[in-house]
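Visitor: Given chain A, put chain B in place with the hints provided.
Respectively, the protein sequence lines represent chains A and B. Here the first sequence stands for residues 1 to 375, where the numbers follow the numbering used here. Here the second sequence stands for residues 1 to 266, where the numbers follow the numbering used here.
All the pointers check out, no bait thrown in.
A few chain B residues facing chain A, derived, Cβ under 10 Å:
#1 Met35
#2 Phe137
#3 Gln141
#4 Glu144
#5 Leu149
#6 Glu151
Since the hints were made in silico from the structure, they are not lab data. Each residue gets a CB set at the ideal place from its N, CA and C atoms; glycine is no exception.
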Amino acid sequence: MPLSDIVPPPEDLADLYDNAPCGYLSVSPAGEIAKINKTLLGWLGQPEQNLLGRPVHDILSFGGKIAFETHLAPLLRLQGFVDEFALDLVDARGDKIPVIANATERRGDKGEHVFTRLTVFRAVDRRKFERTLIEARIKAEAEAKSGHAASELRDQFIAVLGHDLRNPLAAIAAGSHMLRRSGKLEARDLTIVAEMDRSAARANRLIDDVMDFARGKLGAGLPLQIDSRVPLGPVVEHVVAEMRSIHPDRVFEVRLDIGHPVECDPDRIGRLASNLLANAVTHGAPDTPIVCEARTTGESFELSVTNGGPPIPEGQRDKLFQPFFRGEPGGSQHGLGLGLFIVSEIARAHRGVMDMTSTADETRFRLLMPRQRER
Amino acid sequence: MLSNDLVLRRNNVTISGSGPRTMVFAHGFGCDQNMWRDVAAAFEGDFRVVLFDHVGAGRSDLSAYDPQKYSRLDGYADDVVDIARALNLENAVFVGHSVSAMIGALACIRAPGLFSELVMVGPSPRYIDDDEYVGGFSHEQVEELLEFLAENHLGWSAAMAPAIMGNPDRPELGATLTNSFCSTDPDIAREFARATFFSDNRGDLPRIPARTLVLQCREDIIAPQCVGEYVHARVPDSEYVLLDATGHCPNLSAPAAVTTAIRAFV
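Next up, chain A with everything else stripped away, as it sits in the complex:
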């Protein structure tokens, strides 16, 4: 028989209603079940006569009942339809059947409410999947929260530790100062005391760097305390004097030409100069002077530190200002690698930039920043 001769029997609409691959439910305006198909009755495990005329609430879970009243019913009145509404039905044994429902309001000629029609799809796996997603999200949120709390605790811990380490360091510095002043030390002892001073100063700088880093605010920029009344000349001179006392074997030169006030955080500018000088001591040639220059123009403030010695290798130049960068491996004097990173953060907080030139003759780091923050 040719295929074209096969004529499908006409679809039986009553059978389609009753045995559709989804549940059909009609609810009266008073909330009573007016009609229900066999598919849905089968899911619920109920004979038709048990449900006709009964409140629709009888086949809804508690959450479903409330959502029906607070969401579904008003939405149907307002817009005539509701799509993809999650509900839990309750079967004859009291077990929940997760479903997704679409609903429309059948209205009469005058817009009056005649029936609410619901089409119901079993959605056990889909709802389970969604529930898993929600649980995963709640868990992720909780973990993010506790991770944040842990990092806050760590930052506080570092801040307290750093603060507490300063006191014993100050005691060591005071002790070595008294020893030097006593006049009873041999030349060899004086060398040892000077070495102790250097170590204490280096420990202080490490603490400063770690604490700034731990504040965790570096991403958003360092907080500044702007004070344009403090003259910057003495600030720079003080930092250089400190370096001289720690490194008496090195030569430091200061060239100042500061004729205008600078809107800046003087302590931070001092830190920047101090970190650049320490960097020059570590990496510069011991037999050439380290030159610290600071000057103002009508527009800008400029501070630079220059040292002799071999140039910085090309491959390292663009990484200098990254945190934890420590040049060639194995160097013992390099510390944590935070010094230049903090320099660049201080520059950034002052809306300035750091630049670096390195030739066979000398290496120079320079801060260039506007003298006034707002124009």
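Guide: Quick look at chain B alone, frame taken from chain A:
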């Protein structure tokens, strides 16, 4: 203190109609000011009609949502007082549906004089049973409800919201795409449900200074008749009307009956 403008924008306050007195309509949990559509229109001829959305619902300013403030109904009542003051209301009528009936009561207690009449539609001072008191819910049922709400996004889509909000004059633009009415951020909806269904304001009922009308429906599973009668018995200057309507939202299912009852009262 927010400026009047910010308050009106925060709660998406809309004003229509005109008359010597002002009537403020407040929506309950699950919907927004749209649910007062039919009833509010009936009063526009002789009242100044004020509609608004609670923060988190409808087209309110979601960025104003403060989980601490809105963890209690008092936070919502503060907003009602803000709105009334921003509009310089005196002796106005407050009509609150469902949880907003109690929110209105709290606002009346907090700032007497703003509202001289209070209409409570389907009120409940406490949803959970307590000894002799029948609220209609058990603690476990409320927990189940909160869990259920977490799963149902009810047409809410954060990506959709700006499109709807960008066309406030043409809500049908959103309606063709999704459920545009009564959309609520699901997280906020869950917290609003928590604030609502765990509330206990029975002690506030005797302190309501305004003349009060309690409107009750039959077969309301959220606020059963015995709860409406309880409210009427404890609010000092109150009247009670059992509407010829079923369910929890007579303002939508029987707007004419609600309108008639309010008109007879004011």
